[in-house]
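Chains as they are written, first to last, in this note's numbering: chain A, 299 to 532; chain B, 2 to 360.
Bear in mind the hints are in silico, worked out from the structure with no lab data behind them. All values derive from a computational prediction rather than experimental measurement. In this text, a Cβ means the ideal position worked out from N, Cα and C, and glycines have one as well. Incorrect hints may appear among the rest.
If the Cβ cut is set under 7 Å, some of the chain A residues that face chain B in the computed set are [stated by the list, open to error]:
1. Ile424
2. Ala426
3. Ala427
4. Leu431
5. Gly432
6. Ala433
7. Asn434
8. Pro445
9. Pro449
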Amino acid sequence: MNWLLDLTPDEWNAVRLSIKVATVAMVASLPPGILIALVLARGQFWGKTLLNGLVHLPLILPPVVIGYLLLLSFGRRGPVGAFLAEHFGIVFSFRWTGAALACAVMGFPLMVRAIRLSIEAVDRRIEAAAGTLGANPLWVFGTITLPLILPGLITGAILSFAKAMGEFGATITFVSNIPNQTQTLPSAIYTFTQVPGGDAGALRLTLISIVISMAALVASEVLARRVGRRMDIE
Amino acid sequence: MTVVVDISHRLGDFEVDACFESAGRLTALFGPSGSGKTTLINMIAGLIRPDKGRIEAGGRVLVDTDAGRFVPKHKRRIGMVFQDARLFPHMSVASNLRYGRWFTPTAERYADINAVVDLLGIGPLLDRRPAKLSGGEKQRVAIGRALLASPKLLLMDEPLASLDDARKAEILPYIERLRDETKIPIVYVSHSISEVARLASDVVVLAQGKVAACGPTGAIMQRLDLLPAEERGEGGAVLDTAVLRHDDVFGMTVLGSVAGEIRVPLLAVPVGAPVRIRIRARDVMIATEQPTGLSALNILPGTIVTIAPGEGPAVEIGIDCRGATVLARITEQSRQTLKLRLGREVYAVVKTVSFDRRI
Chain A
299 MNWLLDLTPD EWNAVRLSIK VATVAMVASL PPGILIALVL ARGQFWGKTL
349 LNGLVHLPLI LPPVVIGYLL LLSFGRRGPV GAFLAEHFGI VFSFRWTGAA
399 LACAVMGFPL MVRAIRLSIE AVDRRIEAAA GTLGANPLWV FGTITLPLIL
449 PGLITGAILS FAKAMGEFGA TITFVSNIPN QTQTLPSAIY TFTQVPGGDA
499 GALRLTLISI VISMAALVAS EVLARRVGRR MDIE
Chain B
2 MTVVVDISHR LGDFEVDACF ESAGRLTALF GPSGSGKTTL INMIAGLIRP
52 DKGRIEAGGR VLVDTDAGRF VPKHKRRIGM VFQDARLFPH MSVASNLRYG
102 RWFTPTAERY ADINAVVDLL GIGPLLDRRP AKLSGGEKQR VAIGRALLAS
152 PKLLLMDEPL ASLDDARKAE ILPYIERLRD ETKIPIVYVS HSISEVARLA
202 SDVVVLAQGK VAACGPTGAI MQRLDLLPAE ERGEGGAVLD TAVLRHDDVF
252 GMTVLGSVAG EIRVPLLAVP VGAPVRIRIR ARDVMIATEQ PTGLSALNIL
302 PGTIVTIAPG EGPAVEIGID CRGATVLARI TEQSRQTLKL RLGREVYAVV
352 KTVSFDRRI
């Protein structure tokens, strides 16, 4: 069993980095995820289909294409990347932040979908009732809509996290595969499979990967059930 | 407080074009389903923006399309009780009740949570979740929630329509207490004559999106022609009476009214308490002489003041019994046989058992 737990420092870093990247990707995409889901679920405007298509692009396009598009726009010489680097000092290319961005983009459609479905399930007549009690639209959202879509938020967040833990194509294209900097679990496993004698390392990381994803899934189940029981909706 | 509504609004093929004014304690918007009652009340609440028109409550202009004015629902301070309660499923009953308080300026909070909880008898429910309540309990909590926002006007949209008779009987007394013990004017939507007759001080009758009539409950209830065809038999006189005494031997209560004593099945209310009764036109018989050897206990002398053609073979006879008008629905044949004409002295006869409970 020793070979299983005895991780090299580089391997540990890959595990830590993956969790960090996935967590940041999940947390950072929640606010825009809620906003876009809200717009898609409730908005009536020209170009809604287009927006919906854009959000779903990462689901249909090859991840490499997304990675390359990110490189073009968020790279050092890309229009967005150059602007952010110059004005805010935020650099994405070949940094762990870039890995988080790539993971967030790839998990975004899954998150938006889950949240959108739960928003569509909210009874708007209950929101109207809150309005007649004096709550303005912002308060209604915060005290009624948000708590009611909590199970959907949890599902969306976990899906995004799980997607980020497994993201490979877009990440490696955008931020490459630099040990201790941008090497996430999937990249590390990939590297092991490319060198002779790397089987043990690949297997170790694969098992760790399974454990983390399963743990996230179980945690979301427990959380969603607890929230559901608290609400006790018929 | 006066509510003034003058709007026109189109919903697909249906057009609501209504104008009325009411300052009653409890104004009923009455009409069959599809007559535009709910659309109107939703406009007063601010849930629907009318195409054109004006809505005023207590001198405050809520909607004036000509001036481009539309006060959003959360700024109207108008409470609303929906047919389907619409409690917040993720909050306890207590949190539901307190919800509106947050948004009421401290100076304008007049509703006291303990008083409202007592009034509605919902003390034992405070820690429960809405999903664990019965239909009647939900509706009481919904009324309490609306009251605790300290509204200036309370709207009730068929609050009893989705409940069975037992639950209705459970809630009606609370609405009466609300009408009599609080100062909030109420606008009450209903398609049930018995509810309107029992609760309303004023009635606005709606038909096909238009106001067919508007006035005090007693006067409107006698206009059988205003009532929907299937409910016409339910129309009749509405009398405000007081309990004179109870007859425990025969299980009856004797009520005093301007028309004379009226015996009804035993009521569980104290002597002296006000009771509003409805005498359905179809339950009233007419005798030209003081009847003898008759089982009916209520015999009210009076004078015929109106004769109107009714449906089919029926005529509707209005009898003025010392100031209260009782309506009788008899056949044209009986009218001719008895030679009934305006000004004739007659006796209106009503069986005690034809009063079901208080309504």
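Cross-check of the supplied hints:
1. At about 5 Å, the closest approach between the beta carbon of isoleucine 424/A and any beta carbon in chain B falls short of 7 Å, and the interface hint on this residue holds.
2. Among the interface hints, the one on alanine 426/A holds; its C-beta lies about 6 Å from the nearest C-beta in chain B, closer than the 7 Å criterion.
3. Because the smallest distance between the Cβ of alanine 427/A and any Cβ of chain B comes to about 4 Å, under 7 Å, the interface hint for this residue holds.
4. The interface hint given for leucine 431/A holds, since its Cβ lies 4 Å from the closest Cβ of chain B, which is under the 7 Å cut-off.
5. About 3 Å separates the beta-carbon of glycine 432/A from the nearest beta-carbon of chain B, less than 7 Å, and the hint is met.
6. The interface hint given for alanine 433/A is met, as the beta carbon of that residue sits about 6 Å from the closest beta carbon of chain B, less than 7 Å.
7. About 5 Å separates the beta-carbon of asparagine 434/A from the nearest beta-carbon of chain B, less than 7 Å, and the hint is met.
8. With a least beta-carbon distance of about 5 Å to chain B, the hint placing proline 445/A at the interface is held under the 7 Å criterion.
9. Look at proline 449/A: its Cβ only gets to about 11 Å from chain B, farther than 7 Å, so that hint breaks.
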